[in-house]
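Residue 198 in UniProt numbering sits at position 198 of the sequence shown, with consecutive numbering throughout.
Worth flagging that the hints you see were computed from the coordinates, not collected in a lab. Here the structure is a predicted model, which means the values were calculated and not measured. Treat each hint with caution, since some may be false.
[As the list claims (entries may be wrong)] In silico BS3-like cross-links for lysine-lysine, where the CA-CA straight-line distance does not exceed 30 Å:
#: 1; residue 1: K130; residue 2: K14
#: 2; residue 1: K253; residue 2: K26
#: 3; residue 1: K238; residue 2: K26
#: 4; residue 1: K130; residue 2: K26
#: 5; residue 1: K26; residue 2: K14
#: 6; residue 1: K160; residue 2: K185
#: 7; residue 1: K238; residue 2: K253
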Amino acid sequence: MTTSPVAPGKATSKVPAAENTLRILKLLASRRGPMAASNIATALGLPRSSVYHLLGVMEANGFVLHLHEEQRYGLGISAFELSSAYSRQEPLSRLGRPMLASLVDVIGESAHLAVLHGRDVLYIVEERAKNRPSLVTDVGVRLPSHLTASGRAILAALPKSQVRALYPNAAAFTSRHEVEFPIMKYSALSSHLDQVRQRGYATENGEITPGFGSIAAAVTDHVGWPTAAVAVTFLEDKVPAEQWPVLAARIRKAADELSVRIHGRPGN
1 MTTSPVAPGK ATSKVPAAEN TLRILKLLAS RRGPMAASNI ATALGLPRSS VYHLLGVMEA
61 NGFVLHLHEE QRYGLGISAF ELSSAYSRQE PLSRLGRPML ASLVDVIGES AHLAVLHGRD
121 VLYIVEERAK NRPSLVTDVG VRLPSHLTAS GRAILAALPK SQVRALYPNA AAFTSRHEVE
181 FPIMKYSALS SHLDQVRQRG YATENGEITP GFGSIAAAVT DHVGWPTAAV AVTFLEDKVP
241 AEQWPVLAAR IRKAADELSV RIHGRPGN
């Protein structure tokens, strides 16, 4: 079977069919919708005959679905089952826990890992620093994403249209306290997320627990989609504002390392 040209410095695969099968799956997973076989061949630099052969095998095994009316191919149920198995095995938690522990050892503050769940963030790992108070961000806790540093880091990495879909009206915005915080409408959230994108990390000042601040950075996958966020929470009177950028750089580094571990694309 003919294979695509090999990039300079890259070893030729000993199992080109397997490699090309995975390349096709990764390409389909990166797109918003199904693709024509000819477009797949062009995008990957593969002969059309090879692509049709591989797609036929994958279709027979449920990894791709052929949409006959559209003459396009999309991901099949077997690919979805792999995704579900990935979630069941909790790889993010397993990979993230030791990295958070190392981060906590270096900075001496508590850290956690969160994922987006609807309009909330769900905390999946917490590493508490020695002699630091307990936090509300325990494993399994859900909090409104627009109020948390973790949520803001993830939202800032999403397309703006996706953020708008999550926050279609004023009813989508909630507060944890009687005091109304600045981000209680979409225009304020959008403006804040622009700032997060510019500096590369998100912050939160007492919106969750008065007196506590948080800094977070997004963990991104191979297409730059936010998979999770690494965050550190601390007593604001213990960490002066001028030290936040230095702390943020350490958190950004940890998030980038986790992105690499999941074969993702580190943030800018």
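Status of each hint after checking the structure:
1. K130 / K14: It is violated: about 49 Å lies between the C-alpha atoms, which goes past 30 Å.
2. K253 / K26: Judged against 30 Å, a Cα distance of about 26 Å means the pair holds.
3. K238 / K26: violated (45 Å)
4. K130 / K26: violated (42 Å)
5. K26 / K14: Satisfied, since the Cα-Cα distance of roughly 19 Å is no more than 30 Å.
6. K160 / K185: Within the cut-off at roughly 15 Å; holds.
7. K238 / K253: Roughly 22 Å between the alpha carbons, so the hint for K238 and K253 holds.
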